[in-house]
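Engineer: Below, each chain spelled out in residue letters.
There are 2 protein chains.
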Amino acid sequence: MIVTTVTIHVKKENVNDFIKASIENHRNSIKEPGNLRFDILQSIENETQFTYYEAYLNEEAVKQHKDTSHYKLWKETVEPWMEIPRTGKPHRVIAPADAASWK
Amino acid sequence: MIVTTVTIHVKKENVNDFIKASIENHRNSIKEPGNLRFDILQSIENETQFTYYEAYLNEEAVKQHKDTSHYKLWKETVEPWMEIPRTGKPHRVIAPADAASWK
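As you go down the protein sequences, you meet chains V and D in turn. If you're matching positions, the first sequence starts at 0 in numbering that gives the first Met the number 0 and goes up one per residue. If you're matching positions, the second sequence starts at 0 in numbering that gives the first Met the number 0 and goes up one per residue.
Same shape as in the complex, but just chain V (with noise of 0.2 Å):
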């Protein structure tokens, strides 16, 4: 299993489209099959910055993932919206190390 965590600031004025298109990003992408998780989040201290946390079963599912229609879509809308360019870092999965626990 590999967890990104992707961090997001997006300008002030976007806020609320931000969050609109980040629920249907994670709505389409649950459906994936080698998707585990992709949970949006705000942070309570900074509320211009989120936290995409998407787990998926391998590099593969990854790969999969950014040629999606509604990656590539996401991708064209928030992109003018960000306030610098997101990082991504990526993990492996200490625990729970069962793939069933996780979806």
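Be careful, since some hints might not be right.
Identical chains share a label here; the pair holds if one copy fits it or two copies do between them.
Computed cross-link-like contacts, SDA-like style, restricted to lysine to any residue with a CA-CA straight-line distance of at most 20 Å [to be verified]: (1) 88 x 41; (2) 10 x 93; (3) 19 x 0; (4) 102 x 34; (5) 11 x 92; (6) 71 x 98; (7) 88 x 42; (8) 71 x 16; (9) 74 x 94; (10) 62 x 35; (11) 102 x 35; (12) 19 x 69; (13) 65 x 31; (14) 30 x 99; (15) 11 x 22; (16) 19 x 93; (17) 71 x 87; (18) 71 x 13; (19) 88 x 12.
FYI, nobody ran anything at the bench for these hints, they're computed from the structure.
Place chain D on chain V using the hints.
Structural biologist: For chain D alone, kept in the frame of chain V given last:
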């Protein structure tokens, strides 16, 4: 719901012990009634850097976690293994919005 992401930099010589202590902390924490998830991740790009993904029902459940004996034991055991003090960042949940999708 509240999700805290905790970033922990571990001294190289303590990485294996830290992983063992983290698995034990995970096993105990997911049994807490207010806990939804307690994922342990290791950065792929830097194997001494870990992320805890701690999802709780509410503030009260977060507070109760810090009162458990397993939290206190974990803290006492692993703090000397940290390269720098850990940092925790609290978030509100945008999606999935229903608690049932978290447990």
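Engineer: A separate judgement is required for each hint: does it hold in the structure or not?
Structural biologist: Cross-check of the supplied hints:
no., hint, verdict
1, 88 x 41, "both (17 Å within a copy, 10 Å between copies)"
2, 10 x 93, "between (34 Å within a copy, 17 Å between copies)"
3, 19 x 0, "between (28 Å within a copy, 19 Å between copies)"
4, 102 x 34, "both (8 Å within a copy, 17 Å between copies)"
5, 11 x 92, "between (33 Å within a copy, 18 Å between copies)"
6, 71 x 98, "neither (27 Å within a copy, 29 Å between copies)"
7, 88 x 42, "both (17 Å within a copy, 7 Å between copies)"
8, 71 x 16, "within (17 Å within a copy, 41 Å between copies)"
9, 74 x 94, "between (30 Å within a copy, 18 Å between copies)"
10, 62 x 35, "within (14 Å within a copy, 28 Å between copies)"
11, 102 x 35, "both (5 Å within a copy, 13 Å between copies)"
12, 19 x 69, "within (13 Å within a copy, 39 Å between copies)"
13, 65 x 31, "within (11 Å within a copy, 36 Å between copies)"
14, 30 x 99, "both (16 Å within a copy, 17 Å between copies)"
15, 11 x 22, "within (18 Å within a copy, 39 Å between copies)"
16, 19 x 93, "between (32 Å within a copy, 9 Å between copies)"
17, 71 x 87, "within (16 Å within a copy, 32 Å between copies)"
18, 71 x 13, "within (19 Å within a copy, 41 Å between copies)"
19, 88 x 12, "neither (26 Å within a copy, 23 Å between copies)"
Hint violations for this structure: numbers 6, 19, all remaining hints satisfied.
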